[in-house]
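Using the hints, position chain B against chain A.
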Amino acid sequence: MSTEALRTPPGSSHAGHHSAAPSPATGHGAGGPAPKRIVVGYGFWIFLLSDVIMFSAFFAAYAVLFKNTAGGPTAEQLFDLRNTAAETACLLASTFTCAMASLAVGERNQKWTQISLLATGLLGVAFITLEIREFASLIDRGAGPSRSAFLSSFFTLVGCHGVHVTAGLLWLGTMMAQFYAKGFRRDIRHRFLCFSLFWHALDIIWVGIFSLVYLVGTLPRELLP
Amino acid sequence: MSGEHEFDAGSNVGEDRAPGAESAGEERTLGQEVRGYALGLALAVALTAASFWVRGTDLVYGPGLALALLVLAVAQMGIHLIFFLHITTAPDNENNVLALAFGVLIVCLIVFGSLWVMEHLNHNMVPMQELMQMQR
Chain A
59 MSTEALRTPP
69 GSSHAGHHSA
79 APSPATGHGA
89 GGPAPKRIVV
99 GYGFWIFLLS
109 DVIMFSAFFA
119 AYAVLFKNTA
129 GGPTAEQLFD
139 LRNTAAETAC
149 LLASTFTCAM
159 ASLAVGERNQ
169 KWTQISLLAT
179 GLLGVAFITL
189 EIREFASLID
199 RGAGPSRSAF
209 LSSFFTLVGC
219 HGVHVTAGLL
229 WLGTMMAQFY
239 AKGFRRDIRH
249 RFLCFSLFWH
259 ALDIIWVGIF
269 SLVYLVGTLP
279 RELLP
Chain B
51 MSGEHEFDAG
61 SNVGEDRAPG
71 AESAGEERTL
81 GQEVRGYALG
91 LALAVALTAA
101 SFWVRGTDLV
111 YGPGLALALL
121 VLAVAQMGIH
131 LIFFLHITTA
141 PDNENNVLAL
151 AFGVLIVCLI
161 VFGSLWVMEH
171 LNHNMVPMQE
181 LMQMQR
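Same order as they appear, the protein sequences are chains A and B. Residue numbers for the first sequence follow the numbering used here, so the first one is 59 and each next one is one higher. Residue numbers for the second sequence follow the numbering used here, so the first one is 51 and each next one is one higher.
Please note: incorrect hints may appear among the correct ones.
Which bits of chain B does chain A cover? Going by a derived footprint, with three or more residues having C-beta under 8 angstroms, they are [what the hints assert, rightly or not]:
hint: 1; region: 79-85
hint: 2; region: 91-100
hint: 3; region: 145-159
hint: 4; region: 173-185
Simulated restraints, written as ranges between beta carbons of each label pair [said to hold, decoys possible]:
hint: 5; chain 1: B; residue 1: V154; chain 2: A; residue 2: L282; range: 41 to 47 angstroms
hint: 6; chain 1: A; residue 1: L281; chain 2: B; residue 2: V124; range: 17 to 23 angstroms
hint: 7; chain 1: B; residue 1: E169; chain 2: A; residue 2: A235; range: 46 to 52 angstroms
hint: 8; chain 1: B; residue 1: E169; chain 2: A; residue 2: G217; range: 23 to 29 angstroms
hint: 9; chain 1: A; residue 1: P91; chain 2: B; residue 2: R85; range: 31 to 37 angstroms
hint: 10; chain 1: A; residue 1: D198; chain 2: B; residue 2: V154; range: 34 to 40 angstroms
None of these hints come from the bench; they were simulated from the model. In this text the structure is predicted, and so the values were computed from the model without any measurement. The beta-carbon is built from N, C-alpha and C at its ideal position, and this holds for glycine as well.
Just chain B, same shape as in the assembly:
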């Protein structure tokens, strides 16, 4: 990169990338692109199969099952983002990644915040049986 691009030296040199688009810098043949998607599909299938296997097996410590399934789900979402949506850490992907990070933050706040608040509400509530008695 030279000349007209020098005003913006650093991590932001070059054009941005649309989400879902591959990097402009890499020249890849059609065969390589097909193989990339096939690899993504294979990994996604493997993780899906692992999820269903973990659900049915006795080999995993029971109380850890829910956490194991959550980890497998997050891993598979990552595979989809990398192989199908082409979200990477490359500088031309900065805007897309920042938007995604903000989205993930909000999702975590909503899901874990709701669970946390509702757990405490349930804890502080008069049990339903007693409530019915009091209203009688």
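Here chain A stands alone, though its shape is the one from the complex:
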């Protein structure tokens, strides 16, 4: 990610488009408050960490409950790892296109900003479509969230991630509209910084889901600790 504040030499800190005098602020309390961009980014970083902590509780629930299948189907019998691989590919590619969008925003290039954000959105939609199809097929096979404690924890964890991706897609749409209608205004770039952090964090959580829920979860019982 690169905006004007980061393209100026360190001595003149954030003397870019928005502030005439260089600030001696260090962000450690000395020299006045940190620039808005830092405050916004840091605040959102704290939110993301609290979101990760919420997910960790769902991960813990899944880890504790996934052997409790109540005589119903097990992870090994239910999950199709090819579908998981396709979902992973979509989300990983969309993280890359999101990074490209942040470079395009840094360059103030409207065309490439919109193209990379559109690619990010389409890959996100593909991910959600694959996930909904998987959920629908599980419920069709009688393995809905009410079947067993294992399936309740599975649908809660993976569904919560899916809800986050869906919310991210709505946010992405509004970001495209804002860049198109209002240009690369400073406050809109701050919002986009938060969006890109959110999108990258969702991919990090998905790494945990595909590794632990799908790959470890479908290991034969005798290989599990």
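Here is chain B on its own, set in the frame of chain A:
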């Protein structure tokens, strides 16, 4: 750094960095930035492929599979943090890293704490069969 910055000599000289932003000190061309992201993507793809390969192969010692997959997942999360979120050990990133470290601490407490407590609870429980008998 001189003059007005001297009051704060040491590791904290200069401006902080927003999470997700690259260091203010490095002037990088667009090409270099694209290559940086491409390298991050390549490493992430390689680690993902390794995870799926390890899951399907017979070459890895069976009981070690779960641990191997956990290590690959943590490695990939690290790659994402470094290449996409630009979390580094540079001094201007200190606040972000400290917040992350605290988050990781809480996550470990929740996950391993839950597993530990529930394992012991299961161990001390009357087996379900006997419980049903007693209630009859």
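Status of each hint after checking the structure:
1. 79-85: Contact hint for the region 79-85 of chain B vs chain A: holds, 3 residues under 8 angstroms.
2. 91-100: holds (count 4)
3. 145-159: holds (count 8)
4. 173-185: It is violated, with 0 qualifying residues against the three required.
5. B:V154 x A:L282: 41 to 47 angstroms: Violated, at about 24 angstroms.
6. A:L281 x B:V124: 17 to 23 angstroms: Taking Cβ atoms as reference, L281 (chain A) and V124 (chain B) lie about 20 angstroms apart, which means the hint holds.
7. B:E169 x A:A235: 46 to 52 angstroms: This hint holds: roughly 50 angstroms between Cβ atoms.
8. B:E169 x A:G217: 23 to 29 angstroms: Roughly 26 angstroms apart at Cβ, these two residues keep to the hinted range, so it holds.
9. A:P91 x B:R85: 31 to 37 angstroms: holds, 35 angstroms
10. A:D198 x B:V154: 34 to 40 angstroms: For V154 (chain B) against D198 (chain A), whose Cβ atoms are near 39 angstroms apart, the range 34 to 40 angstroms holds.
Taken one by one, the earlier hints fail for this structure at numbers 4 and 5, listed in ascending order.
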